[in-house]
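Visitor: Protein chains in written order, with the UniProt record's numbering: chain A, 1 to 534; chain B, 1 to 534.
It should be emphasised that the hints constitute simulated quantities derived from the structure, not laboratory data. All of these numbers come straight from a predicted model, not from anything done at the bench. Some clues are possibly wrong.
As the list makes no split between identical chains, a pair holds if one copy fits it or if it spans any two.
The calculated BS3-like cross-link candidates involving lysine-lysine, where the alpha carbons are at most 27 Å apart (straight line), are [to be verified]:
#1 Lys227 with Lys451
#2 Lys333 with Lys451
#3 Lys456 with Lys391
#4 Lys227 with Lys211
#5 Lys63 with Lys451
#6 Lys456 with Lys227
#7 Lys227 with Lys63
#8 Lys211 with Lys456
#9 Lys82 with Lys227
#10 Lys333 with Lys82
#11 Lys82 with Lys63
#12 Lys63 with Lys456
#13 Lys211 with Lys391
#14 Lys211 with Lys451
#15 Lys82 with Lys391
#16 Lys211 with Lys82
#17 Lys227 with Lys333
Protein chains: 2
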Amino acid sequence: MNPVPTQVSRRSFLRSVGVSGGAGALFATMGALGLAPTAAQATPAYRAPRPSDFTLTGRSARKVVILGGGIAGLTTAYELGKAGYDCTILEARDRTGGRNFTVRGGTEQTDLDGNTQRARFSNGTYLNAGPARIAQWMVTLDYCRELGVPVEVFTNQNASAFIYNEQSGMTPGNAVRYRTAKADVYGYVSELLAKATDQGALDTALSADDKSRLLSFLASFGAIGNKASGYAYTGTEHRGFTSDPGAGNDAGTILGSVPSLSDVFSSNVGKYFSFEFGYDQAMLMFQPVGGMDQIPQALTRAIGAHRIELGAAVTGVTDGPNGVQVTYTQRGKVRRISADYCVAAMPPHLMARVPHNLGADVTAALGSFPVTPVGKIGLEYRSRWWETDYKIFGGITETDMDLQHIWYPSYGHLGERGLIVGYYNTGSAANVYSALSPADREARAVAQGVKIHGDKYRTELATSFSIAWHRTPYLEGGWTSPPYTSPGYQLLLRPSGRVYFAGDWLSHAVAWQHGAFVSARATVTALHQRVMAG
Amino acid sequence: MNPVPTQVSRRSFLRSVGVSGGAGALFATMGALGLAPTAAQATPAYRAPRPSDFTLTGRSARKVVILGGGIAGLTTAYELGKAGYDCTILEARDRTGGRNFTVRGGTEQTDLDGNTQRARFSNGTYLNAGPARIAQWMVTLDYCRELGVPVEVFTNQNASAFIYNEQSGMTPGNAVRYRTAKADVYGYVSELLAKATDQGALDTALSADDKSRLLSFLASFGAIGNKASGYAYTGTEHRGFTSDPGAGNDAGTILGSVPSLSDVFSSNVGKYFSFEFGYDQAMLMFQPVGGMDQIPQALTRAIGAHRIELGAAVTGVTDGPNGVQVTYTQRGKVRRISADYCVAAMPPHLMARVPHNLGADVTAALGSFPVTPVGKIGLEYRSRWWETDYKIFGGITETDMDLQHIWYPSYGHLGERGLIVGYYNTGSAANVYSALSPADREARAVAQGVKIHGDKYRTELATSFSIAWHRTPYLEGGWTSPPYTSPGYQLLLRPSGRVYFAGDWLSHAVAWQHGAFVSARATVTALHQRVMAG
């Protein structure tokens, strides 16, 4: 993690609210500053509860009520169920998965502002409105393996995708391909460092061998000229071709008009390059075949639909010496459920509003963590013009417009229709979009995309569906970012009586399903240990 | 393309024999030196012959005999067939596709040294023994679209894959992940350039704005410290984690022990980094679902199997004023075929041995192009230990051992078994392996792989199949690299009487199917224009 703020919107936003989307880096930084717990508290290898834990000890599994059927809640039921716990999930929405939500033709949703959308996507087209990518190291993939969910590559990076920085002076139609931007930045960086090295400016830091090896690296990395040419960067095939290499004497035409060093750095294209180095974002990344909701669907099947109450909005939690009572409404009726334990796997800021007897500290902690606004739109097109016209088969175009990111689809290559994520934005940019009607969101996203891709971005559009997570009932946020050292965070890591908490917001992988999985595992482990000790 | 030789084996080998595998770069260099034809000779947009070309003009389609059923030969028949040409392909092997060859369980092959192998791969496991990846810009993808061949991502790059340079002092078990190598190299490069910039060493090249923007880029790119810390690189989460971020207070543990600048550059890891910038190698790349041979199979179906003579080895070509006669042997019998035109789409060095009356210049030219030895081995494992133990889901590990490259599979993720390409090597390294028996090739590849992955690389192995293209009948080489400015190359771009030539070796995309496709298109265009003019 770069201790100097970058200008990439999501990452800088996350940092501004006190957490890195990536892999606990801020925590590590805080550790270096003496602000964090002194030693890394690594989770021991996870061991799922087993039926034999009970049969061998004479103890019996208990009844557990789980508030929320997102990934954390589902995983809690799934893991406890392995040992025979009697789990019931109360889920306020009409489907499990929480923010793991795949929109297909027919999906209907009404937001808190009264906007109702019904997706008219064609058969086989979908939008992963929430989580959409999985890094190789994440336990999410272990669950895909265990549950039999097939995966395919998520295209998080593409040399053929574009960068469009209009705040740095780029004009419509003049977006730059990643490959070109990299070639120019790396070329000039190499030229500058080679010159400085050769002139002896770094002799105190470099041995003769170091210098020789460094110059050799820069020649390859930056595709620069030799010493006689002053190590000049003058372009390279890495920039791409205006006419591709062909038959006979057609060597193709390398993209020319290399901009000056000043123009390259003032275009600010380099600020996106470190994204692909992130531990959580580096390729290769993956997605379930057919939609991210294959994961909650598989979990739901494994748990058993009879253990899940849909449309069940929690209205009260009462912890007692012998158990927990939860009240909820379902189809207009007030219902009540008793259990030995409760796991609250709802968004913390919503749990804070549920009447309970866990104490004011718990309420305050639950309501204290910053919530990030997040939006996405899926634009279905009648043709895959980005493949035929631009030779872009997936990946992400970065912009400094408030759409922030455009995602080309990672599935359906070479097909007839396809779905582009027309914006994926956070913070104030997400608020700008969510303040609009769905039709106006589409219009704004298309008007911005046209600057990169021209009129087809408008004329080929078939239909769209947008989501504003912060305006979505029973979620009301993209993700919640706890200050890890706060007393409130530490409080919620422990059970309040017989009530436990779980969710990605109780992990160092906020906004990732990995965080929900590992938090659920930690809660399951703690609860099971207590039962076994009791 | 970098004008300074890099140390990556395949690329430097290609350069040493006079051609870049990538996109005509050498040609461009030669152009700059005044050695090449003065202007780029871009191929006009391809227009396939149509039936209406004949019906509207009163001309009739002709009979064409095509020598070789590889991609160039198949494409020639496919494209001419669109207008009703009567094409016959003579293919010496028992299958079409040429070097586009997918090995599955039951595939049998005997090489020129008498080694017979029969693949014992399990169901669903395959090895793309020849071409295995497709860049987004290549017409290969257009053919996949036209022919209805589904594609998926080929994983040409993975931050989790390894680099192992034993010639630079790395020892078994101490391979470095790409993500770690990049973090350290980019970190020190950024530190050095930031220092030089800050000290004014580059003030003649940089304005104050340039300096400020460059420092901002380096901070993000190299994850270095600020000015007060001397812009020091001291590690970053980009290096990876020894313990992944988890629940609660488990921030994970960033991989530590950052090596010194001298150690990083002497490890020579950076020489591999520019590979991913290549116009022909940059992600995203693709492969057909189920094996590369889905392309020749689809072409074969489109052409019609009745137009293809298998086991037909050409023994003579006689060009005459009114047609071409071709003799061949098939199932022990000498056969003869007459046609209006002939397209020779065989490897040139093999065509050079076929008796013909096209002249000594043609023979000399055909036999004059350097041929590259190329080898590959597919190692099928009983478990996908690279996924479970190393969290590697595809991509390439680079080494300076003579196995050169290890490829993790781009298909079958999360499954039970899987196939690793245990070596993909060229030049002298390929010769070292091809001199061994198949069993000894396996043993050598495994012994080298164990240095990176430990004993499982041996103990989990189920079976293997290796290919040495330079020792494969009717092919006898990985690819053939013409000097583009040679009179011989120019001669073979033109027909010799009624005999045309086609193949990737007549393009600026040698060793790529793209080259075979565009060459075939060029030949089809020339032949059809002649027929239409005649």
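Visitor: Among the hints numbered above, which are violated by the structure, and what are their numbers in rising order?
Guide: 1, 2, 5, 6, 7, 8, 9, 10, 12, 13, 14, 16, 17
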